[in-house]
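Enquirer: Sequence:
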Amino acid sequence: MGQGEHDKTTDGANHGAVSSDQLLAFMQYLRGQKIAVSPADTLDAVAVAELLGYDNRTLLRNGLASTLAKSAHELTVFETAFDQYFQPTMRRPSAPAASNDDGADATLPPETDDPMPASTPEQSNEDPLDGLRGNSLFDALENRDDSALSVAIETAAADAKVDDISLFTQRGQYVRKILDALGDEALRDAAIEFEQSEPAAFEAVQALREQLRERVRDRVERAYLIHAKAETEDLLDESLSKIKLGNVDHSQMARLKRLMDRMARKLAARHGRRRRRYRRGRLNVGETVRRAIPTDGVPFSPRWRKSERKRPQIMAICDVSGSVAAYAKFLLMFLYALQDVLPRTRTFAFSAALGEVSDLFADLPVAEAIERVNLKYGGATDYGRALHEFSESALAEVNNATTIIILGDARNNQADPRLDLLAEMKARAKQLIWLNPESIRLWGTGDSEMLRVKRHCHLARECNNLEQLERIIDKLLSDRR
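The numbering of the sequence shown is my numbering, which starts it at 3 and goes up by one.
It cannot be assumed that every hint is accurate.
With a straight-line cut-off of 27 Å between C-alpha atoms, the simulated DSS-like cross-links for lysine-lysine are [what the hints assert, rightly or not]: (1) 331 with 477; (2) 331 with 244; (3) 331 with 456; (4) 246 with 72.
It should be emphasised that the hints constitute simulated quantities derived from the structure, not laboratory data.
Let's have the full structure, built from the sequences with the hints guiding it.
Expert: Here it is, written out as structure tokens:
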């Protein structure tokens with residue numbers, strides 16, 4: 003630490019100031035706290051910070067909250083995250099620094115009010131600690147100069163790149179790096195020298211070093227909580243998106259639901275804002291000529307024949323038997339999370355008998371509707387019967403604007419799967435997509451009819467985790483355009 007750093011630092015700058023680099027890192031931290039921060043939000047936050055300045059902590063927090071927190075819940079999370087991220091690095095000692103009447107600094111070890119032991123008659127009047135005085139780190143510790151220590155630790159932490167910490171086991175490594183950058187080596191050498199010859203001085207130096215180490219350890223742990231936590235959250239989400247949905251533990255359901263909602267918002271943003279294109283149809287010559295009579299036959303207002311376009315719709319047919327019920331649940335949750343983009347979704351459920359359950363999803367929360375569907379239609383699987391009942395009740399409404407999604411493992415207990423009905427559905431629909439939660443290596447084994455089934459589908463894919471599901475729905479939304 004430089005000798006002049008005491009003069010350059012103020013208490014306000016240390017305990018309340020925020021840098022622009024920290025602000026950008028804070029945006030990433032908020033994302034780890036599940037607050038959606040878009041690039042536009044980041045630009046707005048930077049503009050707010052430039053307008054308000056970084057000196058007034060409370061003013062800055064309120065300004066950023068008005069930009070980044072979009073609900074009462076997000077405001078609570080934001081305030082907690084802000085206080086945690088921008089908390090002062092140093093904790094003030096409980097006792098004020100003592101001084102002699104003549105203004106000289108007292109040489110008290112930290113965290114104690116006991117003075118240094120007085121020299122005995124056998125000892126020299128010279129204080130062994132005088133050799134350390136003039137060292138900026140020792141002086142800041144001995145005088146309890148909180149501001150100087152804070153600046154020194156922040157500078158050393160930046161030099162040590164503590165924000166790169168990603169593993170809990172790296173704490174000791176970064177503590178050592180920061181201590182070395184601070185100049186703790188000089189204090190360590192002095193402690194070794196005093197250990198045998200000057201026990202009292204040794205205890206005093208060790209107490210100061212322990213105080214410094216504790217503060218550096220706090221700084222490293224705060225960096226871990228801030229930076230590694232966000233990376234850990236992203237890593238957990240990435241891992242969860244690749245786990246088979248049927249294997250997701252109940253304790254992870256809340257995280258999985260948040261991940262699914264985030265995926266749905268991303269897809270909705272990607273596909274829901276594109277400008278719709280309309281075909282005008284052919285020129286209506288007779289109407290155009292009649293409209294041109296007042297303008298001496300010049301067709302200033304051409305008229306077009308209306309081209310009727312069929313509204314696209316999704317028909318989801320889900321096997322809710324025991325083996326694939328969990329996958330059907332997540333498919334339906336995903337589809338209904340995208341209703342702003344897919345406004346016409348009709349849902350059918352079956353094990354043996356099939357029935358339309360769209361009304362349940364219109365009247366009840368998705369999770370409750372799925373539970374009722376599973377109770378009503380669960381049982382042994384019969385694809386032939388289910389396809390027959392779908393053909394009887396809804397096939398007439400399938401047209402070239404309809405996408406049919408069938409979720410099932412195609413295991414039909416050796417019964418007739420009625421592939422003729424599947425072929426007719428493919429001929430009528432724009433797309434017939436079959437999603438099978440089983441590994442593709444198992445298709446066609448045992449009573450699986452999947453190898454025969456996929457010949458009658460436009461697209462047949464293995465789909466048993468959120469990453470695969472997101473990819474398929476993304477393609478579906480792209481093809482709708």
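Enquirer: Indicate, hint by hint, whether the structure satisfies it.
Expert: Okay, the hints, checked on the actual structure:
Of the pairs offered as hints, the one joining residue 331 and residue 477 holds, with about 20 Å between alpha carbons and a cut-off of 27 Å not exceeded. Only pairs whose Cα atoms come within 27 Å are accepted, and residue 331 paired with residue 244 is accepted, the gap being roughly 17 Å. Restraint check for residue 331 and residue 456: satisfied, since their Cα atoms lie roughly 23 Å apart, inside the 27 Å limit. With a CA separation close to 33 Å, the supplied pair residue 246 and residue 72 exceeds the 27 Å bound.
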